[in-house]
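Please work from the sequences and hints to get the whole structure.
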Amino acid sequence: MDHNSYREMDLLRFTTAGSVDDGKSTLIGRMLYDSKTIFEDQLQAIEKSSKQRGDDYINLALLTDGLRAEREQGITIDVAYRYFATPRRKFIIADTPGHIQYTRNMVTGASTANLAVILIDARNGVVEQTCRHAFIASLLRIQHLVICINKMDLVDYSESVFHAIMDDFTNFASRMDVSDMTFIPISALNGDNIVDKSEHMPWYNGPTFLYHLENIYIGPDANQVDPRLPVQWVIRPHSQEYHDFRGYAGRVAGGVFKPGDEIVVMPSGFSSRIKGIHSSDGELEEAFYPLSVSLTLEKELDISRGDLISKPNNKPQIGQDIDLMLCWFSEKTKLQLKGKYILRHTTKEVKALVKEIRYKININTLHKKEDDFDIGLNDIGRVILRTSSPLLYDSYRRNRIMGSVVLIDEFTNETVAAGMIR
Amino acid sequence: MHQSYSVNHLKHLESESIYIFREIAAQFQNPVLLFSGGKDSIVITRLAQKAFWPAKLPFPLLHIDTGHNFPETIEFRDQMVEELDARLIVGSVQASIDNGRVVEEKGHNASRNVLQTVTLLDTIEEYKFDAAIGGARRDEEKARAKERIFSHRDEFGQWDPKNQRPELWNIFNGRKKAGEHFRVFPLSNWTEMDVWQYIEKEELNLPSIYFSHEREVVQRNGVLLAVTEYISLQADEKPECKRVRFRTVGDATCTGAIESEAGEVDAIIREIAAVRVTERGTRADDKRSDTAMEDRKREGYF
Ligand SMILES: Nc1nc2c(ncn2[C@@H]2O[C@H](COP(=O)(O)OP(=O)(O)O)[C@@H](O)[C@H]2O)c(=O)[nH]1
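Protein chains in written order, with the working numbering: chain A, 1 to 422; chain B, 1 to 302.
Just so you know, these hints were derived from the structure itself, not from any lab.
The C-beta atom is built at its ideal place from N, Cα and C for all residues, glycine as well.
Mixed in with the good hints, there may be bad ones.
[To be verified] Not close to chain B: a few residues of chain A, all C-beta gaps over 10 angstroms, as computed: (1) Pro312; (2) Asn313; (3) Leu366.
[Unchecked claim] With a straight-line cut-off of 25 angstroms between C-alpha atoms, the simulated SDA-like cross-links for lysine to any residue are: (4) A:Lys275 - B:Asp154; (5) A:Lys299 - A:Ser272; (6) A:Lys334 - B:Ile171; (7) B:Lys162 - A:Phe411; (8) B:Lys238 - B:Glu105; (9) B:Lys177 - A:Glu414; (10) B:Lys177 - A:Ser330; (11) B:Lys50 - A:Lys197; (12) B:Lys177 - A:Val350; (13) A:Lys355 - A:Asp323; (14) A:Lys332 - B:Asp154; (15) A:Lys351 - B:Ala26; (16) B:Lys50 - A:Val350; (17) A:Lys315 - A:Thr387; (18) A:Lys197 - A:Lys332; (19) B:Lys176 - A:Ser330; (20) A:Lys351 - A:Asp323; (21) A:Lys258 - A:Glu283; (22) B:Lys56 - A:Ser330; (23) B:Lys128 - B:Leu57; (24) A:Lys299 - A:Asp261; (25) A:Lys369 - A:Phe411; (26) B:Lys11 - A:Tyr83; (27) B:Lys176 - A:Gly306; (28) B:Lys11 - A:Tyr217; (29) A:Lys351 - A:Phe411.
In structure tokens:
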């Protein structure tokens with residue numbers, strides 16, 4: 001790799017989904033292998049494990065099978081993160097298991113992704129789980145889907161099989177909110193259309209999998225319109241040199257801030273102007289997502305963690321009745337109507353009461369079940385929460401950071417649910 | 001004049017790490033930064049400095065000292081602590097051995113690497129730290145690939161990989177009960193290459209053992225070990241003099257060197273771009289078994 005080009009690479013985060021045995025681990029292993037991003041010692045380790053297991057070829061899937069329990073059961077059970085870079089891009093893969101119970105993991109992996117890869121076994125076509133994966137991707141607002149139709153070697157590299165599956169999926173996806181879909185016929189095992197173009201499928205004129213990932217245009221993945229800075233921490237040096245310094249530190253969650261801009265602090269409603277924007281590289285002329293900065297203001301105001309800095313002509317919504325889509329994560333408990341939870345939203349923590357459960361979604365058919373309020377592990381439902389103090393938010397559709405929450409069990413401190421504000 | 005509001009991957013990672021540091025300061029009462037004098041801990045220390053500038057670091061540094069150090073690293077550590085005007089706490093594995101908390105391993109493969117866990121947990125308990133900030137990266141090893149950025153530890157300091165809290169968006173849940181603590185990893189999403197790129201960009205100083213130098217080494221289990229007073233040579237082992245550098249600096253008994261002519265950061269980056277062995281592949285402690293890291297982590301290792 002030319003290391004100068006490395007300096008100007010951008011970052012693409014993607015997530016992978018597929019049912020068990022669709023070939024997800026093989027695909028990732030193959031991509032790392034063919035793009036020469038796996039290392040010799042890793043290769044030796046999996047060669048050794050493959051032999052021990054009695055596999056007659058190097059089992060590339062072992063590259064991504066992390067923990068002992070998983071290896072024993074032969075399935076991936078948790079989100080694992082992988083990293084690789086080509087001269088064009090750095091990639092972070094949130095690798096999530098396809099096992100039926102683990103909607104939770106896919107939601108987790110999808111929450112930070114710009115793109116989702118969905119695997120389909122060419123022999124089985126679109127199955128219930130495929131629909132679920134597509135639905136979760138659209139629910140989490142992943143704009144780009146890459147649908148890999150795998151194991152083409154087992155259907156004689158048939159063009160008509162590929163097209164039938166593509167039509168099926170497109171049909172289903174028309175009911176969802178996905179802006180960009182790309183279909184690629186592959187054989188992960190043999191490496192067809194992964195890094196190199198397949199000789200077996202001359203009828204396919206599209207990009208290979210890696211080429212597509214390297215070249216797809218991913219627009220700025222954050223809101224650039226609505227200025228939002230959730231205050232994380234107030235920097236007060238207590239030193240001679242910076243005696244009066246007060247920096248309101250946080251990561252910009254939307255829009256653009258410039259020195260001299262008039263700002264308003266919520267919930268107090270006080271206003272001031274930005275004096276300076278301090279960052280890791282000195283003072284900045286402007287700040288936007290994903291930069292972590294600290295602002296100094298012209299007036300001294302009482303601001304603390306959980307407050308939000310925005311602008312007088314563009315404020316977030318404010319309210320205590322929050323309407324959201326909730327995905328339940330806990331194995332031990334179910335969502336309780338009238339139950340109380342701790343709610344985390346940006347840098348704020350409040351209490352929340354479950355006021356209403358509107359419906360549960362059948363995530364395989366996308367039907368609303370209006371009479372089913374039983375929301376347990378891996379279920380998704382529409383819920384109204386009442387918070388102990390007002391939240392400053394935007395809809396998840398408008399801004400992922402300003403529209404996402406997690407619920408925490410008061411007693412166990414476990415994260416029990418994730419929500420997207422409507 | 002229109003400009004695109006995007007940043008390169010290094011800026012993205014830096015900004016994420018700074019965000020994590022500020023969450024640590026806000027969510028914990030008594031955090032501590034684990035500092036080994038190695039390149040990853042030098043990088044996280046720089047990020048911490050940036051997160052709180054112009055204020056000083058709002059937490060002390062903790063070095064778990066195996067006693068088997070490369071002297072260059074200790075010198076470097078002390079100098080850096082002075083420049084930062086930070087507080088340094090040293091947890092000594094030798095002391096844990098002396099007061100019977102752990103028993104020194106025997107044999108020619110003996111290493112104090114595993115013993116560190118006890119010293120670390122004892123020190124965390126003694127000072128009532130509720131978060132220990134480490135420089136581990138998910139690309140280092142497959143068990144790490146699943147670890148959360150805010151990683152919960154029970155009252156015995158143990159990690160339960162099957163019972164981790166889901167971590168979504170950029171919302172971190174650092175809530176815990178008395179006696180429990182967290183390990184937090186601000187470099188989770190960095191790779192070895194990113195770390196070196198950052199060292200170059202920030203012009204960070206590193207201990208000299210990271211750069212090519214002449215040293216007496218011995219080949220053992222596929223790893224080039226430095227010949228120091230801490231390892232005992234077998235009859236058939238012949239020390240040789242080679243030009244080497246280290247890719248990680250840990251305990252001198254288990255950190256392997258690689259043959260290299262790279263004498264400066266730029267050359268190292270070029271070398272890494274070409275090199276075909278992972279960093280941990282040069283560590284003898286991970287070669288003990290395929291799940292060595294996972295087993296150690298469950299017990300409370302870094
Ligand atoms: N014939 C064929 N087999 C494949 C292909 N991709 C994966 N497999 C096999 O399908 C099985 C499941 O693959 P794996 O990657 O473990 O699936 P995962 O559960 O989705 O991670 C393994 O036996 C693979 O060798 C392919 O393209 N063609």
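* In rising order, the numbers of the hints this structure does not comply with -> Those not satisfied are hints 4, 11, 16, 18, 22, 25.
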